[in-house]
Amino acid sequence: MSKLKSTLGIVAIAFITLTAMSCKDNKNEQNNADGNHSEMSADEDHSKMKHDNSDEHHDGDKKEMAMSGDGNSQAVLKDYFNLKNALVADDNAKAKTLGATLATTLGNFDVSSNFSDTQKAELKDIIEDAVEHAEHISESDIGHQREHFKILSKDVSDMVAITGTENTLYQQFCPMYDGGSAWLSLSKDIKNPYYGSQMLNCGKVQKEIN
Amino acid sequence: MRIVKIIAIILLVAFVGIQFIPTTRNQSDTVPSTDFMLVNNVPETIQKKLQVSCYDCHSNNTQYPWYNKIQPVAWFLEDHIKEGKAELNFNEWDSLSSRRKASKLRSIIKQIENGEMPLDSYTLIHSEATFTEAEAEELINFITQLKDSL
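Same order as they appear, the protein sequences are chains A and B.
FYI, this note's numbering numbers position 161 of the first sequence as 226, with every residue one higher than the one before it.
FYI, this note's numbering numbers position 90 of the second sequence as 93, with every residue one higher than the one before it.
Treat the hints as calculated values from the structure; they're not laboratory data.
Just to be clear, a hint being listed does not mean it is correct.
Computed from the model, here is a short list of chain B residues facing chain A with C-beta under 8 Å [what the hints assert, rightly or not]: (1) Lys85; (2) Lys88; (3) Ser98; (4) Arg102; (5) Arg103.
In silico BS3-like cross-links for lysine-lysine, where the CA-CA straight-line distance does not exceed 25 Å [unchecked claim]: (6) Lys215/A / Lys150/B; (7) Lys85/B / Lys8/B; (8) Lys104/B / Lys219/A; (9) Lys8/B / Lys51/B; (10) Lys51/B / Lys219/A.
Chain A is nowhere near these chain B residues, computed Cβ spacing over 12 Å in every case [to be verified]: (11) Asn29; (12) Val34; (13) Val55; (14) Pro68.
Being a predicted model, the structure only gives us computed values, none of them experimental.
We put the CB at the ideal spot given by N, CA and C, even for glycine.
Please construct the entire structure, taking both the sequences and the accompanying hints into account.
This is the structure in structure tokens:
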């Protein structure tokens, strides 16, 4: 009987120590697992998006962007528009995945080519800021996602001012959201990413960017 | 009865044992010249509030209560501080560009407005860190001003 007790005791102490020791490692592993997970779901989403493309008829954003080149800023714009469309559709989960995708694309942005030093510095700054907002979007509820999308939109507009764009973009503006908020779109039609179905057509075209 | 005793001893040994596992302490004697308080003209009441409510996790110097030096509490804390500083470090404020400052200030306003910061797990122990409505308003007004002056 006492043998049983001491065995129990040893098992218990081993268990406690291991739990304590592995506490942090566990966390890391969890993070890794999360990372993999989001990557995986991003992939899933890509295939979904492709699927969406085929039966998408009301919004030209995705189709048009898919045709454009794979330059840095074009890739950012493509992910930005996909994210915008998810917010227009009130799709929190999709916006999370697309936020993560955008953060990765932004992270891969190579500022080394074709720009002056001041432009490079500004681009770096814009990207650093935008990455943070995209990351927050990848882990927030839809209200927060929209808050971050507002500043992200400003960052992306400022990026376009430096890099230019292959497609004509429309800067649109909704005076009601958070004291007035702008976003970019490939189409003239207003589809409000800040309100979604709640007020889909609130806003107007502010300017055309070529 | 004996088994209770054995378990008690085991727990004690484990508890003492984990105290020897080192953690990184977030402590610094110097306040860098980039500190939020040093580069901005912050009213004294707000300085105090920031110090009490934010600086423990959002600066290079944490005021540790004695029980936070004890495991496993210290591990829990270490993680929070790491995360907090990655998000915003008031000590390194002035090394941010205007764009990033504006972003951070906007986030501060939203977090306070929505009562998301300070974290509940923090105010549970540091009740003085909680913002009253008046304090929140004062801080938000100040931060808004600062943001508009960037």
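Status of the stated non-contact between Val34/B and chain A (beta carbon gap over 12 Å)
25 Å, holds
Would the pair Lys51/B and Lys219/A pass a check requiring their Cα atoms to be no farther apart than 25 Å?
With Cα atoms ~33 Å apart, Lys51/B and Lys219/A exceed 25 Å; violated.
Does the CB of Arg103/B sit less than 8 Å away from some CB of chain A?
5 Å, holds
Min Cβ distance, Lys85/B to chain A: is it shorter than 8 Å?
Constraint on Lys85/B not satisfied, violated at 11 Å.
Was the hint right that Ser98/B lines chain A, CB cutoff 8 Å?
12 Å, violated
Quickly compare the C-alpha distance for Lys215/A and Lys150/B to 25 Å and report which way the hint goes.
Judged against 25 Å, a Cα distance of about 16 Å means the pair holds.
Against chain A, with CB atoms and a cut of 8 Å, does the hint on Arg102/B hold up?
With a closest approach of 5 Å, the Arg102/B hint holds.
Can the restraint linking Lys85/B and Lys8/B be considered satisfied, given a maximum Cα separation of 25 Å?
39 Å, violated
Chain A contact restraint for Lys88/B - C-beta distance below 8 Å
Because about 14 Å separates Lys88/B from the closest Cβ in chain A, which is outside the 8 Å limit, the hint is violated.
Evaluate the condition: distance from the CB of Val55/B to the nearest CB of chain A exceeds 12 Å.
About 26 Å separates Val55/B from the closest Cβ of chain A, which puts it past 12 Å; holds.
Against chain A, does Asn29/B keep a CB gap of more than 12 Å to every residue?
It holds; Asn29/B is separated from chain A by about 16 Å at its closest Cβ, greater than 12 Å.
Quickly compare the C-alpha distance for Lys8/B and Lys51/B to 25 Å and report which way the hint goes.
48 Å, violated
Comparing the model with each numbered hint stated earlier shows that hints 1, 2, 3, 7, 9 and 10 do not hold.
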